[in-house]
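In case you want the letters, here they are:
Number of protein chains: 2
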Amino acid sequence: MTESRTASAKNGAKKEAAKEKGAERGITVKKAENFTEWYSQVVDKAKLADYGPIHGTIAFTPNSYGIWENIRMPFDRMIKETGHKNAYFPLMIPESFLKKEAEHLKAFAPEVFWVTQEGSRKLADRYAIRPTSETIVYYFFAKWLHGWRDLPILVNQWCSVLRAEIKDTKPFIRTSEFLWQEGHTAHETSEEAAKEVLLILDFYKTIAEDYLAVPVVLGKKSNLEKFGGAEYTTTIEAMMPDGKALQMGTSHNLGQNFAKGFGLKFLGKDEKEQFAWTTSWGISTRMLGALIMVHGDDAGLVMPPKVAYKQIVIVPIFKKDEGNMVVDFSKKLAGKLQEFRVEIDLREGVTPGYKFNDWEMKGVPLRIEIGPRDIKEGTVVLVRRDTKEKKTVKSDDVVKEVQAMLDSIQQHLFDEASKRLKESITDAATYDELKQVVSSKGGFVRASWCGKDECENKIKQETTATNRVIPFDQGRSGKCIVCGADTETIAYFAKAY
Amino acid sequence: MTESRTASAKNGAKKEAAKEKGAERGITVKKAENFTEWYSQVVDKAKLADYGPIHGTIAFTPNSYGIWENIRMPFDRMIKETGHKNAYFPLMIPESFLKKEAEHLKAFAPEVFWVTQEGSRKLADRYAIRPTSETIVYYFFAKWLHGWRDLPILVNQWCSVLRAEIKDTKPFIRTSEFLWQEGHTAHETSEEAAKEVLLILDFYKTIAEDYLAVPVVLGKKSNLEKFGGAEYTTTIEAMMPDGKALQMGTSHNLGQNFAKGFGLKFLGKDEKEQFAWTTSWGISTRMLGALIMVHGDDAGLVMPPKVAYKQIVIVPIFKKDEGNMVVDFSKKLAGKLQEFRVEIDLREGVTPGYKFNDWEMKGVPLRIEIGPRDIKEGTVVLVRRDTKEKKTVKSDDVVKEVQAMLDSIQQHLFDEASKRLKESITDAATYDELKQVVSSKGGFVRASWCGKDECENKIKQETTATNRVIPFDQGRSGKCIVCGADTETIAYFAKAY
Chain A
714 MTESRTASAK NGAKKEAAKE KGAERGITVK KAENFTEWYS QVVDKAKLAD YGPIHGTIAF
774 TPNSYGIWEN IRMPFDRMIK ETGHKNAYFP LMIPESFLKK EAEHLKAFAP EVFWVTQEGS
834 RKLADRYAIR PTSETIVYYF FAKWLHGWRD LPILVNQWCS VLRAEIKDTK PFIRTSEFLW
894 QEGHTAHETS EEAAKEVLLI LDFYKTIAED YLAVPVVLGK KSNLEKFGGA EYTTTIEAMM
954 PDGKALQMGT SHNLGQNFAK GFGLKFLGKD EKEQFAWTTS WGISTRMLGA LIMVHGDDAG
1014 LVMPPKVAYK QIVIVPIFKK DEGNMVVDFS KKLAGKLQEF RVEIDLREGV TPGYKFNDWE
1074 MKGVPLRIEI GPRDIKEGTV VLVRRDTKEK KTVKSDDVVK EVQAMLDSIQ QHLFDEASKR
1134 LKESITDAAT YDELKQVVSS KGGFVRASWC GKDECENKIK QETTATNRVI PFDQGRSGKC
1194 IVCGADTETI AYFAKAY
Chain B
714 MTESRTASAK NGAKKEAAKE KGAERGITVK KAENFTEWYS QVVDKAKLAD YGPIHGTIAF
774 TPNSYGIWEN IRMPFDRMIK ETGHKNAYFP LMIPESFLKK EAEHLKAFAP EVFWVTQEGS
834 RKLADRYAIR PTSETIVYYF FAKWLHGWRD LPILVNQWCS VLRAEIKDTK PFIRTSEFLW
894 QEGHTAHETS EEAAKEVLLI LDFYKTIAED YLAVPVVLGK KSNLEKFGGA EYTTTIEAMM
954 PDGKALQMGT SHNLGQNFAK GFGLKFLGKD EKEQFAWTTS WGISTRMLGA LIMVHGDDAG
1014 LVMPPKVAYK QIVIVPIFKK DEGNMVVDFS KKLAGKLQEF RVEIDLREGV TPGYKFNDWE
1074 MKGVPLRIEI GPRDIKEGTV VLVRRDTKEK KTVKSDDVVK EVQAMLDSIQ QHLFDEASKR
1134 LKESITDAAT YDELKQVVSS KGGFVRASWC GKDECENKIK QETTATNRVI PFDQGRSGKC
1194 IVCGADTETI AYFAKAY
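Going down the list, the sequences are from chains A and B.
Under the working numbering, the first sequence is numbered contiguously, ending at residue 1210.
Under the working numbering, the second sequence is numbered contiguously, ending at residue 1210.
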């Protein structure tokens, strides 16, 4: 579907012909010069998303959904191997449920889509479309939980959630509906809940760094930035090329807050009735936004091989009379490469150069070029998307060479992004320094902070930078850059998506 | 979570203790005597679903969701191998979209949940929560489709849909929200669309018969029973033990009906602009309802091995001092059986007999019993859930024996169900015969029918039996049992869920 659109000039429509030949086929701005427009063009031209009729909604095309599936699979495996199971909870939540946890209601009420009619009947009570599912999940947990032997309860659901975004929507980064997984667990003790929160955060780090090749900073959210209703929130935070931070996933320790609201009680080993300790955690299709922003270049998308919906494209190159031989050889080669996600581009009526550009735009990590001379010499040409380097290899070695090159691309993308993350972090010893960095270079500003809402709020109001993360990696005494109080805490401040 | 509930008597709560020992642990009615209550108890006691706070909504527990995952996986593989790709389309659909296809609106408007508010703002236009996604999908297809080279478009999405059910809800069979896949395709020609419809129907048959072990009748729906907006609907139809039919999946040829409503046009090979030919098709968690009804027995659920969320449970049997040896042996055995979905039941404080009943209730196809004497003799005892037959096998042969027994269970369930399906079909030569069968035995009544809405409606109004399917397998001339007109068509009539 999406692959073949560009070939439609052959249909003879003048508009289409103009599109194919015209400059608008490629990205028309530089990533470094107009990042916002660059992002929007990559999403459009690599056919990752398309705007819906309702403000802030998008369709996830097969291309972006394919990447999402490659994120889902390893994460799903990780949680299942650690005893979690998938389930599914109702989309609609009675309004009264949201009101049971005051902070939670405050956080989500302004963004809720409300169902008020069913067929032609007006409903007596409004139903919220889930902005997140803690409240409805605890309704069920309370029915399922009796004694300590029922714990832990470890469930997860893959679904979409809806949060009305009034302005500044951006595909994958901020939309009114997005796809995610939300995990919900209940435990016997506070310690077990705390352990679960970190187990999952570690999985999130693995997904971000080992799969998406996006390095992250791990830590806690401040009191002001934590999830509505949580004891504390842990986060993986990434840095985008425009100097703005992106929250990539969060894992919350909810203490007994929700358990109290929903009567999530059990009879403990001590024969006493007590409230359970709960956690919740999520990653979303926002991850796709990070992937695009961090790895893309002026030619378009660059997909890390592990999550690429297509890893290899084979482009046969031939004059008319040599076609059969080259196509046959390409098909045999594709057969050899079946352990990878591979496709042969057999489109007619477009040049190899057109195909190269098209697959570069779409970010396929590895291109294999095959011509009659290659076949004669028993070689194929590998071209990597990230560095655009070419390598001629023996066709007998192609499986090994392809695997090595894909590994190298995955590693290279991560190394480059890690370098940039490091460079994006600036230490600020004074509030003036922080302000100066925020308003010029951007990125993370690392600074001592006393931990008070008041000082954090002052920074937010005066600079629009927020406290992104209090890294687990601490160990530096200092004075709060706002109030000057002695503190052991450092935090990363940045403007954020 | 669900597995350990029954063990909670150990907590000392009197209510729980009573529950464990009490009769209500098992199914308290016979399947043959009170089918409705039996179904409800199996769903509850095998922990497959739990009622939500909003009428007609349920939570899919890990047990039922686990079965759903085992249906999803093979179907997902089948459609991907035939060129389909997954995508995701917005949940909310503008009201105006539903109005573009008149029959479609008529069919779904009474069941739509309407979103009318976003945060504290009243919306100018109402949004429907998708009851099905044809309209929103075609909005996007129209943007993606330019010329014939863009065809076919073959996409699928896994999601939930919402249809308000006012009365008679039943978990899996009829609820206000359910999980499904909906495929949507666009083609160059009418013939290709017709071919797609049958390709998918054949996949549905495979899922129903080879995975769920539920035999089905394949055919077309009548004009009155077809999908709102379709040229024609094909269906797989199953028979439940209470004599009522269950539609298990449908595949629709939408002709150019929706294409015209949504401007789904392309420039053809003939250089002329034309409308695309589209199809849509879906199977849902209703399949779980069929599985429960068709295979369950007085002891509870019976899961076909291929879709069972757990295929084997190992129950160690020992006196206190022999515990370690038996548990160690059981763990080694579970290790050997890793290619299956296997679990060891190590719960303390409940007897082996309790465990046997518990796993029978939950429908796990195969139980392995291991005691000290078995270990000494190098044997294990296999007990199959369907026939409850026991077989002592050498523990060295366990992998082979287990595989053979699981295959045999899968086949036996299908064979038994096929026999019952055959027995449920009654030929009626006259309208009186049809009425008599419908009001007594039930099941499918096979009868000649002229094809007119009028005759079909008469049957429906007078007997409540509907035209379930016009089987592909025809070949019998006769006279319409209502009007007496000569006809080549036979149809299956039945009361239905």
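Some hints could be false.
Intra- or inter-copy, both count: the list cannot distinguish identical chains.
Restricting the straight-line Cα-Cα distance to at most 27 Å, the calculated cross-link-like pairs of lysine-lysine (DSS-like) are [unchecked claim]:
1) Lys1033 <-> Lys973
2) Lys908 <-> Lys744
3) Lys835 <-> Lys908
4) Lys880 <-> Lys1107
5) Lys1148 <-> Lys1132
6) Lys793 <-> Lys1045
7) Lys856 <-> Lys1154
8) Lys1023 <-> Lys957
9) Lys813 <-> Lys835
10) Lys1101 <-> Lys978
11) Lys856 <-> Lys1023
12) Lys819 <-> Lys1132
13) Lys1032 <-> Lys1208
14) Lys758 <-> Lys1023
15) Lys1044 <-> Lys1032
16) Lys1148 <-> Lys1171
17) Lys798 <-> Lys1019
What the hints contain is simulated information worked out from the structure, not anything from laboratory work.
Tested hints:
In this homomeric assembly, Lys1033 and Lys973 never come within 27 Å of each other (Cα to Cα): the closest approach is 74 Å inside a single copy and 40 Å across copies. Taking identical chains as interchangeable, the C-alpha atoms of Lys908 and Lys744 are never at most 27 Å apart, the minima being 41 Å within one chain and 45 Å between chains. Within a single copy, Lys835 and Lys908 get their C-alpha atoms no closer than 46 Å, and across copies no closer than 43 Å, so neither meets the 27 Å cut-off. For the homomeric pair Lys880 and Lys1107, neither the shortest alpha-carbon distance inside one copy (54 Å) nor that between copies (68 Å) is at most 27 Å.
In this assembly of identical chains, Lys1148 and Lys1132 lie within 27 Å of each other by CA distance solely inside one copy; the values are 24 Å within and 79 Å between copies. Only between protomers do Lys793 and Lys1045 lie at most 27 Å apart by alpha-carbon distance; the minimum there is 21 Å, versus 37 Å within a single protomer. In this homomeric assembly, Lys856 and Lys1154 never come within 27 Å of each other (Cα to Cα): the closest approach is 53 Å inside a single copy and 39 Å across copies. For the homomeric pair Lys1023 and Lys957, neither the shortest alpha-carbon distance inside one copy (29 Å) nor that between copies (46 Å) is at most 27 Å.
Both within a single protomer and between protomers do Lys813 and Lys835 lie at most 27 Å apart by alpha-carbon distance, with minima of 24 Å and 24 Å respectively. Taking the shortest alpha-carbon separations for Lys1101 and Lys978, neither the intra-copy value of 59 Å nor the inter-copy value of 38 Å comes in at or below 27 Å. In this assembly of identical chains, the alpha carbons of Lys856 and Lys1023 lie at most 27 Å apart only when taken from different copies (23 Å versus 44 Å within one copy). Proximity of Lys819 and Lys1132 under a CA criterion of 27 Å is satisfied in neither setting, with 39 Å inside one chain copy and 59 Å between copies.
For the homomeric pair Lys1032 and Lys1208, neither the shortest alpha-carbon distance inside one copy (54 Å) nor that between copies (65 Å) is at most 27 Å. Within a single copy, Lys758 and Lys1023 get their C-alpha atoms as close as 16 Å, which meets the 27 Å cut-off; across copies the closest is 44 Å, which misses it. Taking CA atoms no more than 27 Å apart as the test, Lys1044 paired with Lys1032 passes inside one copy only; the shortest distance there is 17 Å, against 63 Å between copies. In this assembly of identical chains, the alpha carbons of Lys1148 and Lys1171 lie at most 27 Å apart only when taken from the same copy (11 Å versus 80 Å across copies).
Taking the closest pair of Cα atoms, Lys798 and Lys1019 come within 27 Å of each other both inside a single copy (24 Å) and across two copies (18 Å).
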